[in-house]
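Starting from the known structure of chain Z, arrange chain Y on it as the hints suggest.
Chains Z and Y, in that order, give the protein sequences. All residue numbers in the first sequence are consecutive under UniProt numbering, ending with 265. All residue numbers in the second sequence are consecutive under UniProt numbering, ending with 265.
Just so you know, these hints were derived from the structure itself, not from any lab. Any given hint might turn out to be false.
One copy or any two copies: either way a pair holds, since identical chains are not told apart in the list.
[Claimed, not checked] With a cut-off of at most 20 Å between alpha-carbon atoms, the simulated EDC-like pairs for lysine to aspartate or glutamate come out as follows:
| # | residue 1 | residue 2 |
| --- | --- | --- |
| 1 | 190 | 242 |
| 2 | 157 | 29 |
| 3 | 157 | 24 |
| 4 | 252 | 29 |
| 5 | 53 | 70 |
| 6 | 53 | 68 |
| 7 | 45 | 70 |
| 8 | 191 | 223 |
Protein chains: 2
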Amino acid sequence: MSSPGTVYIIKVGGNVIDNPGFLDSFLADFAAVPALKVLIHGGGKIATRIGDKLGIAANYVNGRRITDAETIDVVTMVYGGLVNKQVVAKLQAHGCNAIGLTGADANIIPAVKRPVKEIDYGFVGDIPTGAVRTAPVKLLLDAGLTPVFSPLTHDGKGQILNTNADTIASSLAVALSEHYTVRLVYCFEKKGVLRNAADDDSVINLINREVYQQLLAEGVLSDGILPKLDNAFAAIESGVKEVLIGHAGDLKRNTTGSVAGTLIC
Amino acid sequence: MSSPGTVYIIKVGGNVIDNPGFLDSFLADFAAVPALKVLIHGGGKIATRIGDKLGIAANYVNGRRITDAETIDVVTMVYGGLVNKQVVAKLQAHGCNAIGLTGADANIIPAVKRPVKEIDYGFVGDIPTGAVRTAPVKLLLDAGLTPVFSPLTHDGKGQILNTNADTIASSLAVALSEHYTVRLVYCFEKKGVLRNAADDDSVINLINREVYQQLLAEGVLSDGILPKLDNAFAAIESGVKEVLIGHAGDLKRNTTGSVAGTLIC
Numbered sequence: 001m002s003s004p005g006t007v008y009i010i011k012v013g014g015n016v017i018d019n020p021g022f023l024d025s026f027l028a029d030f031a032a033v034p035a036l037k038v039l040i041h042g043g044g045k046i047a048t049r050i051g052d053k054l055g056i057a058a059n060y061v062n063g064r065r066i067t068d069a070e071t072i073d074v075v076t077m078v079y080g081g082l083v084n085k086q087v088v089a090k091l092q093a094h095g096c097n098a099i100g101l102t103g104a105d106a107n108i109i110p111a112v113k114r115p116v117k118e119i120d121y122g123f124v125g126d127i128p129t130g131a132v133r134t135a136p137v138k139l140l141l142d143a144g145l146t147p148v149f150s151p152l153t154h155d156g157k158g159q160i161l162n163t164n165a166d167t168i169a170s171s172l173a174v175a176l177s178e179h180y181t182v183r184l185v186y187c188f189e190k191k192g193v194l195r196n197a198a199d200d201d202s203v204i205n206l207i208n209r210e211v212y213q214q215l216l217a218e219g220v221l222s223d224g225i226l227p228k229l230d231n232a233f234a235a236i237e238s239g240v241k242e243v244l245i246g247h248a249g250d251l252k253r254n255t256t257g258s259v260a261g262t263l264i265c
Numbered sequence: 001m002s003s004p005g006t007v008y009i010i011k012v013g014g015n016v017i018d019n020p021g022f023l024d025s026f027l028a029d030f031a032a033v034p035a036l037k038v039l040i041h042g043g044g045k046i047a048t049r050i051g052d053k054l055g056i057a058a059n060y061v062n063g064r065r066i067t068d069a070e071t072i073d074v075v076t077m078v079y080g081g082l083v084n085k086q087v088v089a090k091l092q093a094h095g096c097n098a099i100g101l102t103g104a105d106a107n108i109i110p111a112v113k114r115p116v117k118e119i120d121y122g123f124v125g126d127i128p129t130g131a132v133r134t135a136p137v138k139l140l141l142d143a144g145l146t147p148v149f150s151p152l153t154h155d156g157k158g159q160i161l162n163t164n165a166d167t168i169a170s171s172l173a174v175a176l177s178e179h180y181t182v183r184l185v186y187c188f189e190k191k192g193v194l195r196n197a198a199d200d201d202s203v204i205n206l207i208n209r210e211v212y213q214q215l216l217a218e219g220v221l222s223d224g225i226l227p228k229l230d231n232a233f234a235a236i237e238s239g240v241k242e243v244l245i246g247h248a249g250d251l252k253r254n255t256t257g258s259v260a261g262t263l264i265c
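Next up, chain Z with everything else stripped away, as it sits in the complex:
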């Protein structure tokens, strides 16, 4: 269903990572996507669990986790090592020639440590506009490899940084739009953007700028979905062909021409 120049940028959230059975079936579906593709995985709760066991207390300010020196080591281990390499090994078992990466690898995502204002977020990396280097990603994709990114970047001075997986996905999607027709797919635990947060079947199938303004005016969207939608519109305005937000279990439908979730365009 895909023209040769199409790349799917597929982000899968921590909820899927934390559920081994669901992760396995998701990875089987991902491996079967009949096009060039990139996977970006979130971290899940396993980093918190391992941090707890190591005696590293999670530190939150205004509901946002602070990435101190001990925490960046834990997420580097868990996201960049355990989760990423297990995902790669499983994709290999499904015949998908995956290669696990962070944004430090091949200097693909140079980031900037978030400046300290009211809050010092610690070792968190923001991706400057235009910073993503597409040449190595294109090299891998065109050689038939499937890059799998963990939510880590670096500052170019030797420091690994923690970066939101949604942001990595949209940054990669925008950057790769220069070379490919990019479809960005956010996979999470809901069927899509819901008109009524209490009703899992109230999926809104299509959201454009006009509909979005209307939904905002109606006040029906949940707070959690707003950053995803803002990200999605920003990606589209920067060249991404379409953004799909849907359930991780609907990946197959969402990558073969039909739409099971919410299409943003």
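Using the frame of chain Z, we list chain Y on its own:
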């Protein structure tokens, strides 16, 4: 000093990984090696330290560590994540365009779980002759990237395996000999192969098969060095141009034409 077709395969041991200051200066020297190059790093004691904190007891049989299910997760985290990505970020800071890998990535090193005989070593991978896939490594090298391998492989069925870093280095060296003139350099904490284990300056500068037989007959070599030498001769007989065993601090001399350690040919 290197012809364009030369690749250095450089293995650095856990003792260097465990010493942050030494590691930094080693990585600066590595970044400056004026040729195509691949780094393979050992794990160091940090995996044991983190395993201890996580309440995972190290399990040894006949002096060899058993890699049980919990231990393979720890080494996947620590070697494949923490150590590998910190090394990559530091090399990037030195202007070396590093890309961190395990043998699972791009299916470069498919291995076989060691068969259970008297001892069940657990999730340990042996590399069958001819198994290493050079195409992805060549793709990266020829694009100006520097692969950095952690001592992990996979079984092709979804399982990460623990594999000796010396073995990964010699397997890669042999496989890449098909495409390049390969120089294999083992960096460790001694100046080379010593005639007298008690005398750090008793380095034997050149060992060929004849000299090796003589040294074995004299019984002067320490037990620890024998597997390294056996590996080295096996590599040379399979196409590797030369093997150098030397101090990590002598990398610069050992990669620019002179020999500070022991040259095996």
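Hint by hint, here is what the structure shows:
no.	hint	verdict
1	190 with 242	within (19 Å within a copy, 58 Å between copies)
2	157 with 29	between (38 Å within a copy, 16 Å between copies)
3	157 with 24	between (36 Å within a copy, 12 Å between copies)
4	252 with 29	within (6 Å within a copy, 48 Å between copies)
5	53 with 70	both (13 Å within a copy, 14 Å between copies)
6	53 with 68	both (17 Å within a copy, 19 Å between copies)
7	45 with 70	both (16 Å within a copy, 18 Å between copies)
8	191 with 223	within (16 Å within a copy, 62 Å between copies)
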